[in-house]
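Trainee: Working from the sequences, and respecting the hints, build out all of it.
Using our numbering, read the sequence shown as starting at 3 and increasing by one per residue.
Keep in mind the hints are simulated off the structure, nothing from the lab. Don't take every hint at face value.
Derived pair list, reagent style SDA-like, types lysine to any residue, alpha-carbon separation capped at 25 Å [what the hints assert, rightly or not]:
1) 227 - 146
2) 315 - 242
3) 188 - 95
4) 72 - 95
5) 188 - 110
6) 119 - 65
7) 154 - 386
8) 119 - 166
9) 315 - 167
10) 77 - 204
11) 188 - 418
12) 227 - 94
13) 246 - 211
14) 227 - 60
15) 315 - 285
16) 77 - 198
17) 154 - 98
18) 119 - 164
19) 188 - 174
20) 154 - 75
21) 315 - 266
22) 119 - 386
23) 315 - 279
24) 246 - 266
The calculated label-pair distances, taken between Cβ atoms and stated as ranges, are [as the list claims (entries may be wrong)]:
25) 399 - 250: 46 to 56 Å
26) 203 - 397: 48 to 58 Å
27) 206 - 434: 46 to 56 Å
28) 419 - 242: 17 to 27 Å
29) 173 - 206: 30 to 40 Å
30) 186 - 304: 24 to 34 Å
31) 289 - 341: 29 to 39 Å
32) 251 - 214: 15 to 25 Å
33) 289 - 347: 38 to 48 Å
34) 78 - 341: 20 to 30 Å
35) 329 - 399: 28 to 38 Å
36) 113 - 86: 20 to 30 Å
37) 171 - 203: 38 to 48 Å
38) 291 - 248: 43 to 53 Å
Ideal Cβ positions, reconstructed from N, Cα and C, are used throughout, including at glycine.
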Amino acid sequence: MTRSWKTGLTALAAGFAAVTGSLATAGPAQAATPFGSIDSAVVGQFALDPVADFGGQRQNTFDVYDEAIKAVEAKGAVAQVNATSVLTSGGRTGTNGLCHSTGLASSLSPTGFCWDKADDTSNSYTDAGGWTPQGLTGSYDAQPGGLVDGHKAFLASWHFSRGLGGANPVPNEFARVSLVNADNNKISYNHLLLVEPTGTRAGGDGDFRAVQGTHADGVVWYGNKVFVANGRWLQVYDLQHIWKVNSSQESVGITGTTSSARWSNYALPMVGRYRTTADDSTACVVTTGTSPCLNSLSLDRTGQDGLVSAEYKSGGAGGRVVRWPLNYLTALPTTTDPSGHGVSHATVGYSSPVWAMQGAATNGQYWYMSGTCPTGTGGGSGDAIDYSCIHRALPNDAPHVYTTSPVLTQNLGYSPDTGRIWGINERINSTTGIRVVFSITG
Numbered sequence: 003m004t005r006s007w008k009t010g011l012t013a014l015a016a017g018f019a020a021v022t023g024s025l026a027t028a029g030p031a032q033a034a035t036p037f038g039s040i041d042s043a044v045v046g047q048f049a050l051d052p053v054a055d056f057g058g059q060r061q062n063t064f065d066v067y068d069e070a071i072k073a074v075e076a077k078g079a080v081a082q083v084n085a086t087s088v089l090t091s092g093g094r095t096g097t098n099g100l101c102h103s104t105g106l107a108s109s110l111s112p113t114g115f116c117w118d119k120a121d122d123t124s125n126s127y128t129d130a131g132g133w134t135p136q137g138l139t140g141s142y143d144a145q146p147g148g149l150v151d152g153h154k155a156f157l158a159s160w161h162f163s164r165g166l167g168g169a170n171p172v173p174n175e176f177a178r179v180s181l182v183n184a185d186n187n188k189i190s191y192n193h194l195l196l197v198e199p200t201g202t203r204a205g206g207d208g209d210f211r212a213v214q215g216t217h218a219d220g221v222v223w224y225g226n227k228v229f230v231a232n233g234r235w236l237q238v239y240d241l242q243h244i245w246k247v248n249s250s251q252e253s254v255g256i257t258g259t260t261s262s263a264r265w266s267n268y269a270l271p272m273v274g275r276y277r278t279t280a281d282d283s284t285a286c287v288v289t290t291g292t293s294p295c296l297n298s299l300s301l302d303r304t305g306q307d308g309l310v311s312a313e314y315k316s317g318g319a320g321g322r323v324v325r326w327p328l329n330y331l332t333a334l335p336t337t338t339d340p341s342g343h344g345v346s347h348a349t350v351g352y353s354s355p356v357w358a359m360q361g362a363a364t365n366g367q368y369w370y371m372s373g374t375c376p377t378g379t380g381g382g383s384g385d386a387i388d389y390s391c392i393h394r395a396l397p398n399d400a401p402h403v404y405t406t407s408p409v410l411t412q413n414l415g416y417s418p419d420t421g422r423i424w425g426i427n428e429r430i431n432s433t434t435g436i437r438v439v440f441s442i443t444g
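Mentor: What follows is the structure, given as structure tokens:
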């Protein structure tokens, strides 16, 4: 989610020292207020519902997509592979270490990696368009031990948009995730186009199309499942059903025996989706009501595993942080439905005083939130790079600035096995690049 879209085409300005531990105001012009609990009676009304409209019929999305996936795989035009296969298949080459100025406090031992030049500098403001990163997760979320089949891995979500800021913008035209192998301090990765499967086995019309209108605001890898946040929708994907296509073309889908995924080697089909609203056409509402927006995601393994969503409020505070319980056996939100994919209800919620909150994560004690810096710090001090801030708070206490952070820092996550906070930023600089994936001591 973009806090303040800028083209970022100028060269980077000199970095400045990060600050830690200073008291943060809730926003540039307000005094700090607590990261306060939301009444449990209200939180209990927050729900994830997997039923949606398909051709005028209300059906469970997991049932519809399961049949469609089987129909596609029965045609033989795609090869079903898993995450380990993709992780060990080479791909693009990134750079280990932080290759740009980040604003992160040196006392927090910052580290991370960078994308290749094309992904670092892609620009959604041009007519040709470009990919913009949003969410970050990894093997630290996928498995309690922090590795997937012995691999240290990351997964990032991106949206593709064109002409943003122009007369005819085309936002959220495509969405993808990037599966990153970080073994032995070397970075390689592959992009997987997010697709929606269609058809039935009986009809013999299995096919897929690009997922539309998806900003890919946040992402969590949990077991074999991948959750992608998109406003009122929580999309679900399964890394046991990665499709290797057999051609490299701009088109998306199957024609005869040929499959393609817009120049990507892989497509990842949706296996289900939930909504937070009363019906498919109703919009979610930030800060108030009982239909929270899902604008970032993280995983909390404190007690029963939980999916954490957070709301983005442009130019203001009050975005809600909500915890949704997960069932580790199904790797889906907890439900009483015997199918394993029914309605699920939230258990905990907070209202955040951090302005333009882009991400929220917890280590079980503190909450960490990315967003606007207070007056006098980072972007709030008029620095040329316009750093973001990561704020830290105990429940029901006022947050403090933990550190300045890369400009337009997005989702945050916590790695229990290392005790580190991970994050990603989206800022566009089509000349030198300015994007990083970073981690700091939590």
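Trainee: Please go over all the hints and tell whether each is borne out by the structure.
Mentor: Here's how the hints hold up against the structure:
1. For the hint pairing residue 227 with residue 146, the CA-to-CA distance comes to about 14 Å; that is within 25 Å, so the pair holds.
2. For the suggested pair residue 315 and residue 242, the alpha carbons sit about 35 Å apart, so the restraint of at most 25 Å is broken.
3. Taking the CA atoms of residue 188 and residue 95, the gap is about 8 Å. The hint holds against a cut of 25 Å.
4. This hinted pair does not check out: residue 72 and residue 95 have alpha carbons roughly 33 Å apart, beyond 25 Å.
5. Among the hinted pairs, residue 188 with residue 110 is consistent with the structure: their alpha-carbon atoms are about 22 Å apart, no more than 25 Å.
6. Among the hinted pairs, residue 119 with residue 65 is inconsistent with the structure: their alpha-carbon atoms are about 41 Å apart, more than 25 Å.
7. Straight-line distance between C-alpha atoms of residue 154 and residue 386 comes to about 35 Å, which puts the hinted pair past the 25 Å bound.
8. Straight-line distance between C-alpha atoms of residue 119 and residue 166 comes to about 21 Å, which keeps the hinted pair within the 25 Å bound.
9. Annotation: proposed proximity of residue 315 to residue 167 holds, straight-line Cα distance about 20 Å (limit 25 Å).
10. As the CA atoms of residue 77 and residue 204 are separated by approximately 12 Å, the hinted pair is consistent with the 25 Å bound.
11. Restraint check for residue 188 and residue 418: the C-alpha separation of about 22 Å stays at or below 25 Å, so the hint holds.
12. A C-alpha spacing of about 23 Å is found between residue 227 and residue 94, which places the hinted pair at or below 25 Å, so the restraint holds.
13. This hinted pair checks out: residue 246 and residue 211 have alpha carbons roughly 15 Å apart, not beyond 25 Å.
14. For the given pair, residue 227 sits about 24 Å from residue 60 by alpha-carbon distance, which is consistent with the 25 Å threshold.
15. Only pairs whose Cα atoms come within 25 Å are accepted, and residue 315 paired with residue 285 is accepted, the gap being roughly 15 Å.
16. Note on residue 77 and residue 198: the hinted pairing holds, with a Cα-Cα distance of about 16 Å set against a maximum of 25 Å.
17. A distance of roughly 13 Å separates the Cα atoms of residue 154 and residue 98; the hinted pair therefore holds under the 25 Å criterion.
18. Simply put, residue 119 and residue 164 have alpha-carbon atoms about 19 Å apart, close enough for the 25 Å limit, and the pair holds.
19. Of the pairs offered as hints, the one joining residue 188 and residue 174 is violated, with about 31 Å between alpha carbons and a cut-off of 25 Å exceeded.
20. Of the supplied pair hints, the one linking residue 154 and residue 75 is violated, its CA atoms being roughly 29 Å apart against a limit of 25 Å.
21. Between residue 315 and residue 266 the alpha-carbon distance is near 33 Å, which puts this suggested pair outside the 25 Å criterion.
22. Pair hint residue 119 plus residue 386 holds up; C-alpha atoms about 23 Å apart against a cutoff of 25 Å.
23. This hinted pair checks out: residue 315 and residue 279 have alpha carbons roughly 18 Å apart, not beyond 25 Å.
24. Taken as a hint, the residue 246 and residue 266 pair is honoured in the structure, with Cα atoms around 9 Å apart against an allowance of 25 Å.
25. Between residue 399 and residue 250 the beta carbon distance is about 53 Å. The supplied range of 46 to 56 Å therefore holds.
26. Against the hinted window of 48 to 58 Å, the Cβ-Cβ separation of residue 203 and residue 397 comes to about 49 Å, which satisfies the hint.
27. Look at residue 206 against residue 434: about 51 Å separates their beta carbons, and that is inside 46 to 56 Å.
28. Separated by about 23 Å at the C-beta atoms, residue 419 and residue 242 satisfy the suggested range of 17 to 27 Å.
29. Hint check: residue 173 to residue 206, Cβ distance near 35 Å, so the stated range 30 to 40 Å holds.
30. Remark: the range hint 24 to 34 Å for residue 186 to residue 304 is upheld by a beta-carbon distance near 31 Å.
31. Restraint check, residue 289 to residue 341: a C-beta distance of roughly 33 Å satisfies the suggested window 29 to 39 Å.
32. Against the hinted window of 15 to 25 Å, the Cβ-Cβ separation of residue 251 and residue 214 comes to about 19 Å, which satisfies the hint.
33. In this structure the hint that residue 289 and residue 347 lie 38 to 48 Å apart at CB is violated, the actual value being about 20 Å.
34. Range check, residue 78 to residue 341: Cβ separation about 29 Å, and the 20 to 30 Å hint holds.
35. For the pair residue 329 and residue 399, the supplied restraint of 28 to 38 Å holds, since their beta-carbon distance comes to about 31 Å.
36. Between residue 113 and residue 86 the CB atoms are about 25 Å apart, so this pair conforms to the stated range of 20 to 30 Å.
37. For residue 171 and residue 203, the Cβ-Cβ distance of about 39 Å falls inside the hinted range of 38 to 48 Å, so the restraint holds.
38. Our hint of 43 to 53 Å for residue 291 and residue 248 holds, since their Cβ atoms are close to 47 Å apart.
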